[in-house]
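A.B. asks: So you can see what is in the structure, the chains are spelled out below.
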Amino acid sequence: MVSSIIPPKAIGGAADAARMQNVVGFYEKLPRGAAPAPKPRGLIQWYQYRYMGQKASPMPIVHAVGALIFLGYAQNYYFHLRHHKNNAH
Amino acid sequence: MSNFINVISPLDQFEVRNLLSLDAPILGNLSLSLTNIGLYLTIAGYLVFIIGLLSSNNNKIVPNAWSISQESIYATVHSIVTGQINEKNGQVYFPFMYVLFVFILVNNLIGMVPYSFAATSHFILTFSLSFTVVLGATILGFSKHGLKFFSLFVPAGCPLALLPLLVMIEFISYLARNVSLGLRLAANILSGHMLLNILSGFTYNIMTSGFLFFFLGLFPLAFIIAFSGLELGIAFIQAQVFVVLSCSYIKDGLDLH
Amino acid sequence: MPQLVPFFFVNQVVFAFAIFVMLIYVFSKYILPRFVRLFATRLFISKL
Numbered sequence: 005m006v007s008s009i010i011p012p013k014a015i016g017g018a019a020d021a022a023r024m025q026n027v028v029g030f031y032e033k034l035p036r037g038a039a040p041a042p043k044p045r046g047l048i049q050w051y052q053y054r055y056m057g058q059k060a061s062p063m064p065i066v067h068a069v070g071a072l073i074f075l076g077y078a079q080n081y082y083f084h085l086r087h088h089k090n091n092a093h
Numbered sequence: 011m012s013n014f015i016n017v018i019s020p021l022d023q024f025e026v027r028n029l030l031s032l033d034a035p036i037l038g039n040l041s042l043s044l045t046n047i048g049l050y051l052t053i054a055g056y057l058v059f060i061i062g063l064l065s066s067n068n069n070k071i072v073p074n075a076w077s078i079s080q081e082s083i084y085a086t087v088h089s090i091v092t093g094q095i096n097e098k099n100g101q102v103y104f105p106f107m108y109v110l111f112v113f114i115l116v117n118n119l120i121g122m123v124p125y126s127f128a129a130t131s132h133f134i135l136t137f138s139l140s141f142t143v144v145l146g147a148t149i150l151g152f153s154k155h156g157l158k159f160f161s162l163f164v165p166a167g168c169p170l171a172l173l174p175l176l177v178m179i180e181f182i183s184y185l186a187r188n189v190s191l192g193l194r195l196a197a198n199i200l201s202g203h204m205l206l207n208i209l210s211g212f213t214y215n216i217m218t219s220g221f222l223f224f225f226l227g228l229f230p231l232a233f234i235i236a237f238s239g240l241e242l243g244i245a246f247i248q249a250q251v252f253v254v255l256s257c258s259y260i261k262d263g264l265d266l267h
Numbered sequence: 083m084p085q086l087v088p089f090f091f092v093n094q095v096v097f098a099f100a101i102f103v104m105l106i107y108v109f110s111k112y113i114l115p116r117f118v119r120l121f122a123t124r125l126f127i128s129k130l
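Chains as they are written, first to last, in this note's numbering: chain A, 5 to 93; chain B, 11 to 267; chain C, 83 to 130.
Pulled out of the complex, with its shape left as it was, chain A reads as follows:
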């Protein structure tokens, strides 16, 4: 009941002020404003920034499919397509 009679300044005012200052300091140090735009570093991050970032595009699927077709065609060519180039089955 004592605490309701005495004004808040009387109970350890200095300690509370220090704690408050900590809180204020913490929030002051937080970054403000809009988040900085991400700077891509390296090839993979550049790719992510270019195709999967703000402007998401389906191009990575096309790239993957293109690479797979190239790889698969190279294998097919090596293993049998070159053997009947002139005489189709």
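In case anyone wonders, no lab produced these hints; they're calculated from the structure.
Possibly wrong hints are sitting among the right ones.
Once the Cα atoms are required to be at most 35 Å apart in a straight line, the calculated DSBU-like pairs of lysine-lysine come out as [unchecked claim]: (1) A:59 / C:129; (2) A:33 / C:129; (3) B:154 / C:111; (4) A:43 / C:111; (5) C:129 / C:111; (6) C:129 / B:98; (7) C:129 / B:70; (8) B:261 / C:111; (9) A:33 / C:111; (10) B:98 / B:154; (11) A:43 / B:70; (12) C:111 / B:70; (13) B:261 / B:154; (14) A:59 / C:111; (15) B:158 / B:261; (16) A:59 / A:43; (17) C:129 / B:261; (18) A:59 / A:33; (19) B:261 / B:98; (20) B:70 / A:59; (21) B:70 / B:98; (22) A:33 / B:70; (23) C:129 / A:43; (24) B:98 / B:158; (25) A:43 / A:33; (26) C:111 / B:98.
Selected chain C positions facing chain B (in silico; Cβ < 8 Å) [to be verified]: (27) 90; (28) 91; (29) 105; (30) 108; (31) 109; (32) 110; (33) 113.
Note that beta-carbon positions come from the ideal geometry of N, C-alpha and C, so glycine has one too.
Assemble the complex: chain A is given as a structure, and chains B and C must be docked to it using the hints.
C.D. replies: Positioned in the frame of chain A, the structure of chains B and C alone reads:
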């Protein structure tokens, strides 16, 4: 006539080939080799990893198109796992199920790329996955319930006279899970690819045999394109079915009905 | 049909399981927790 004699088999596309091999006469004639199935499995793993890594939208809270695709896969698998196994205890199995889903899905989709190779059409691979899942669920059941695990084979409230028969049936159905889980996946992918291969071989022969036939061949070509769309759907559905059934088998091991 | 040779059975199963185990490790350690953190963040800023 020679057209029909050396027509290549529709199974030719599934042939495993040695791309790179190393025979080392150590450790009992060790032979390391990179086959095309190993190559495509590696590519699938790499793709899964890269897509998971890159489609993060820089950890922003608002998703973009790529991270929303990942989130919807996450939500799908999560709802399967929590729905099939358990709301709370089932989440332990979530990473396994997620990887299983994504890995099978990406392998199925890689198989749909022209000139490419469908790794999930190989029975050895799908059987090894399904046997591992069912065997793991069985070990889980034994470690959790001990010998009470065998009560899985006894249907609730069955008359005593029918018991031996029902236990036999349940046991056989439990064993059949091993096979059916892997067989379903591989047979779907295999049959789809073979169908497309045969149809497109016919269509190619039709379309190259004359001017009029070229336009006649457009009709089966439309069918082939429609079937390709169907195969894309099957790639998703089979991955989902595999995961759903794996979850329900794990649930059987955990809860014994 | 080389896929009928048992050597290739072992080969592809070894490949499959090596990749599978690596993926499970990488996903459960690095990629899936990001989703959990993301969903938790959304929950905190919208409902709590």
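A.B. asks: Residue 261 (chain B) and residue 98 (chain B): Cα distance at most 35 Å?
C.D. replies: Answer holds: residue 261 (chain B) to residue 98 (chain B) is near 12 Å, not above 35 Å.
A.B. asks: For the pair supplied as a hint, residue 59 (chain A) and residue 111 (chain C), is the alpha-carbon distance within the 35 Å limit?
C.D. replies: holds (28 Å)
A.B. asks: Can you confirm whether the C-alpha distance between residue 43 (chain A) and residue 111 (chain C) stays at or below 35 Å?
C.D. replies: The hint holds at about 25 Å.
A.B. asks: Verify the proposed pairing of residue 158 (chain B) with residue 261 (chain B), using a straight-line Cα cut of 35 Å.
C.D. replies: Cα-Cα ~15 Å, so holds.
A.B. asks: Is residue 129 (chain C) close enough to residue 98 (chain B), meaning Cα to Cα at most 35 Å?
C.D. replies: holds (22 Å)
A.B. asks: Close enough to count: is the Cβ of residue 108 (chain C) nearer than 8 Å to one in chain B?
C.D. replies: holds (6 Å)
A.B. asks: Hint check: residue 33 (chain A) vs residue 70 (chain B), CA-CA at most 35 Å. Holds or violated?
C.D. replies: Between residue 33 (chain A) and residue 70 (chain B) the Cα gap is close to 21 Å, so the pair holds against 35 Å.
A.B. asks: Residue 43 (chain A) and residue 33 (chain A) were given as a pair; does the straight-line alpha-carbon distance stay at or below 35 Å?
C.D. replies: holds (22 Å)
A.B. asks: Does the structure keep residue 111 (chain C) and residue 70 (chain B) at a Cα separation of 35 Å or less?
C.D. replies: The given pair, whose Cα atoms are some 20 Å apart, holds under the 35 Å limit.
A.B. asks: Can you confirm whether the C-alpha distance between residue 111 (chain C) and residue 98 (chain B) stays at or below 35 Å?
C.D. replies: holds (20 Å)
A.B. asks: For the pair supplied as a hint, residue 33 (chain A) and residue 111 (chain C), is the alpha-carbon distance within the 35 Å limit?
C.D. replies: Measuring from Cα to Cα gives roughly 31 Å; hence the hint holds.
A.B. asks: Grab the minimum C-beta distance from residue 113 (chain C) to chain B and call the hint holds if it beats 8 Å, violated otherwise.
C.D. replies: holds (4 Å)
Figure legend: structure checked against the earlier numbered hints; every hint is met.
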